[in-house]
Amino acid sequence: MKQEFKIISDFIIPNTRVLDVGCGDGTLMQILQNTRKIDIRGIEISKENSQKCVGKGLTVIEGDAEKDLSQFPDSSFDFVILSQTLQAFLNPEKVIQELLRIGKKAIVTLPNFGFWKVRLHLLAKGTMPITKNLPDEWYNTPNLHMCTIKDFYKFCNDRDIKLDKALALHNEKTASINQNNLSIKNLSAELGIFLIEK
Amino acid sequence: MNKDLNIKSLIIDRPLKLDCGQTINNFPLAYETYGSLNKKKDNAILVFHALTGDQFVSGINPVTKKEGWWSYAVGAGKAIDTDKYFVICSNVISGCLGSFGPSNINAKTNKIYGTTFPIITINDMVNAQYNLLDFFKIEKLFAVMGGSMGGMQVLQFVSNFPNKAKIAVPIACTSSHSAQNIAFNELGRQSIMADTNWVNGDYANQNKNPDKGLSVARMAAHITYLSKNGLQEKFGRKLQERDDLRFSFDADFQIESYLRHQGSVFVDRFDANSYLYITRAMDYFDLTKKYDGNLSKAFESTKTKFLVISFTSDWLYPTSENKEIVIALNAIGADVAFVEIESDKGHDSFLLDVPQFLNTLKNYVNNSYLKTNDETRV
Numbered sequence: 003m004k005q006e007f008k009i010i011s012d013f014i015i016p017n018t019r020v021l022d023v024g025c026g027d028g029t030l031m032q033i034l035q036n037t038r039k040i041d042i043r044g045i046e047i048s049k050e051n052s053q054k055c056v057g058k059g060l061t062v063i064e065g066d067a068e069k070d071l072s073q074f075p076d077s078s079f080d081f082v083i084l085s086q087t088l089q090a091f092l093n094p095e096k097v098i099q100e101l102l103r104i105g106k107k108a109i110v111t112l113p114n115f116g117f118w119k120v121r122l123h124l125l126a127k128g129t130m131p132i133t134k135n136l137p138d139e140w141y142n143t144p145n146l147h148m149c150t151i152k153d154f155y156k157f158c159n160d161r162d163i164k165l166d167k168a169l170a171l172h173n174e175k176t177a178s179i180n181q182n183n184l185s186i187k188n189l190s191a192e193l194g195i196f197l198i199e200k
Numbered sequence: 005m006n007k008d009l010n011i012k013s014l015i016i017d018r019p020l021k022l023d024c025g026q027t028i029n030n031f032p033l034a035y036e037t038y039g040s041l042n043k044k045k046d047n048a049i050l051v052f053h054a055l056t057g058d059q060f061v062s063g064i065n066p067v068t069k070k071e072g073w074w075s076y077a078v079g080a081g082k083a084i085d086t087d088k089y090f091v092i093c094s095n096v097i098s099g100c101l102g103s104f105g106p107s108n109i110n111a112k113t114n115k116i117y118g119t120t121f122p123i124i125t126i127n128d129m130v131n132a133q134y135n136l137l138d139f140f141k142i143e144k145l146f147a148v149m150g151g152s153m154g155g156m157q158v159l160q161f162v163s164n165f166p167n168k169a170k171i172a173v174p175i176a177c178t179s180s181h182s183a184q185n186i187a188f189n190e191l192g193r194q195s196i197m198a199d200t201n202w203v204n205g206d207y208a209n210q211n212k213n214p215d216k217g218l219s220v221a222r223m224a225a226h227i228t229y230l231s232k233n234g235l236q237e238k239f240g241r242k243l244q245e246r247d248d249l250r251f252s253f254d255a256d257f258q259i260e261s262y263l264r265h266q267g268s269v270f271v272d273r274f275d276a277n278s279y280l281y282i283t284r285a286m287d288y289f290d291l292t293k294k295y296d297g298n299l300s301k302a303f304e305s306t307k308t309k310f311l312v313i314s315f316t317s318d319w320l321y322p323t324s325e326n327k328e329i330v331i332a333l334n335a336i337g338a339d340v341a342f343v344e345i346e347s348d349k350g351h352d353s354f355l356l357d358v359p360q361f362l363n364t365l366k367n368y369v370n371n372s373y374l375k376t377n378d379e380t381r382v
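Protein sequences, first through last, are from chains A and B.
Quick note: the first sequence uses the numbering used here, first residue 3, plus one each step.
Quick note: the second sequence uses the numbering used here, first residue 5, plus one each step.
Read the hints as simulated data drawn from the structure, not as lab findings.
It is possible that some hints are incorrect.
Restricting the straight-line Cα-Cα distance to at most 25 angstroms, the calculated cross-link-like pairs of lysine-lysine (DSS-like) are [unchecked claim]:
id	chain 1	residue 1	chain 2	residue 2
1	B	Lys82	A	Lys54
2	A	Lys69	B	Lys327
3	A	Lys49	B	Lys21
4	A	Lys39	B	Lys375
5	A	Lys200	A	Lys167
6	A	Lys58	B	Lys112
7	B	Lys82	B	Lys21
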């Protein structure tokens with residue numbers, strides 16, 4: 003199992019209601035369903051992936067999270083997951099607000115644009131960085147709003163969004179992020195994983 | 005009509021109070037089954053047919069001698085695998101293939117009902133079909149499914165009997181018939197009524213038949229089942245067995261010839277009054293009416309798992325209307341999945357060979373069967 007998925011799974015309390023926003027082909031949903039015995043739903047924009055999910059018997063609706071989250075009532079989920087998708091939205095701020103409206107807690111993971119390899123790539127080569135977590139060229143990437151762990155940390159603080167947990171992931175190793183090590187983790191981590199609530 | 009053919013029929017003796025106020029009893033409900041009911045009786049699927057469908061879902065229809073209307077989806081090894089599931093389908097009441105309808109004889113007058121037959125609603129159709137569960141001694145269906153008017157019956161079934169089906173698959177349908185759809189149905193009805201052979205619905209007693217009116221109704225409706233792109237691709241401006249225009253009102257274009265053919269074969273298998281009654285039932289369908297426009301309330305107590313399916317080129321029951329069902333179900337935390345299938349075949353997509361649709365349906369049904377049985381065991 004991907005380390006990211008393992009951490010997400012650890013965050014989730016059994017017998018709860020969970021929504022996976024941008025659930026892809028349903029891999030994470032299936033892991034969580036099997037390990038956490040939760041009532042899990044998904045929303046996915048790609049037709050191919052939605053059909054794969056539904057084919058697995060998963061409760062997934064084909065839709066655009068930027069428009070279709072509005073149909074879910076306030077606090078209708080215990081956890082809402084957004085795995086490496088935030089940067090692909092037109093309006094990430096609004097999406098975060100929606101996640102915190104429909105979920106009592108939200109789990110947000112993001113590829114860290116502050117990772118040293120990303121910085122080095124831009125510094126040395128002078129072209130848009132391509133890494134394991136950012137595999138696309140500038141002209142075909144779905145990522146519209148890249149951010150760093152530091153950016154997201156500040157984003158939450160500025161809006162009084164509570165950071166219940168903030169983890170930095172590098173080479174399958176995880177470390178807690180706090181105000182003191184923020185700059186270092188912003189350099190050393192490939193992925194940031196946050197458990198947030200209003 | 006066709007009483008002598010191999011049509012299975014259940015006589016329902018329990019009185020059924022119709023929405024129009026009348027009560028009917030001792031009436032026939034014609035049905036067909038495919039596959040076999042297992043010992044646990046947990047593999048039954050009730051399929052609902054659309055406007056001009058019937059109980060002959062799969063295999064060769066003994067009346068028309070053509071493939072059943074959902075042969076692409078239902079059969080051995082198909083999306084709805086009859087080696088695994090017990091598929092039941094019945095002819096709706098007011099239909100014309102063995103169920104109680106306007107072509108039946110009224111025992112009181114000894115005449116064919118015609119338009120003296122009571123107005124039937126989707127709710128009435130579903131309530132009549134519910135008797136099939138008792139007949140087969142099925143406590144809970146595995147699934148209810150259907151497209152178009154069949155999908156409306158799925159919604160009505162779950163609303164009426166929230167705990168009688170584990171999964172529900174309404175396809176290419178709506179929870180409330182739109183003005184545009186009522187308009188198209190009215191066009192069809194007026195076409196039938198304008199035929200002098202309709203004689204106020206009494207044609208069967210007078211050995212007449214409003215073939216022309218019914219055929220035009222079918223032609224108009226058939227256009228709404230297809231898409232502009234689909235039509236353009238298949239027919240374009242191609243001419244029918246001729247090199248040039250004839251400067252006449254013959255069927256110069258292939259599309260004209262095709263529609264005329266559709267109209268003419270339809271009148272051989274369908275009763276004009278049934279067409280009036282069933283289109284009326286569709287027009288009256290509004291699941292939100294009882295609940296002041298709040299569709300969620302129609303499903304409030306259900307535990308049924310839903311899969312809603314729409315098609316990109318379906319402009320008769322467009323994705324937006326199918327999504328309203330999804331939204332209403334999500335608003336109450338019901339278990340609902342949704343996909344919109346890419347297809348240029350219009351509303352008819354659900355009846356045709358659309359692999360993405362059939363594969364998704366197949367996998368969803370099979371996996372849900374495994375999952376819902378796991379849950380029962382726990």
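Evaluation of the provided hints:
no., hint, verdict
1, Lys82/B <-> Lys54/A, "holds, 18 angstroms"
2, Lys69/A <-> Lys327/B, "holds, 12 angstroms"
3, Lys49/A <-> Lys21/B, "violated, 44 angstroms"
4, Lys39/A <-> Lys375/B, "holds, 13 angstroms"
5, Lys200/A <-> Lys167/A, "holds, 13 angstroms"
6, Lys58/A <-> Lys112/B, "violated, 55 angstroms"
7, Lys82/B <-> Lys21/B, "violated, 38 angstroms"
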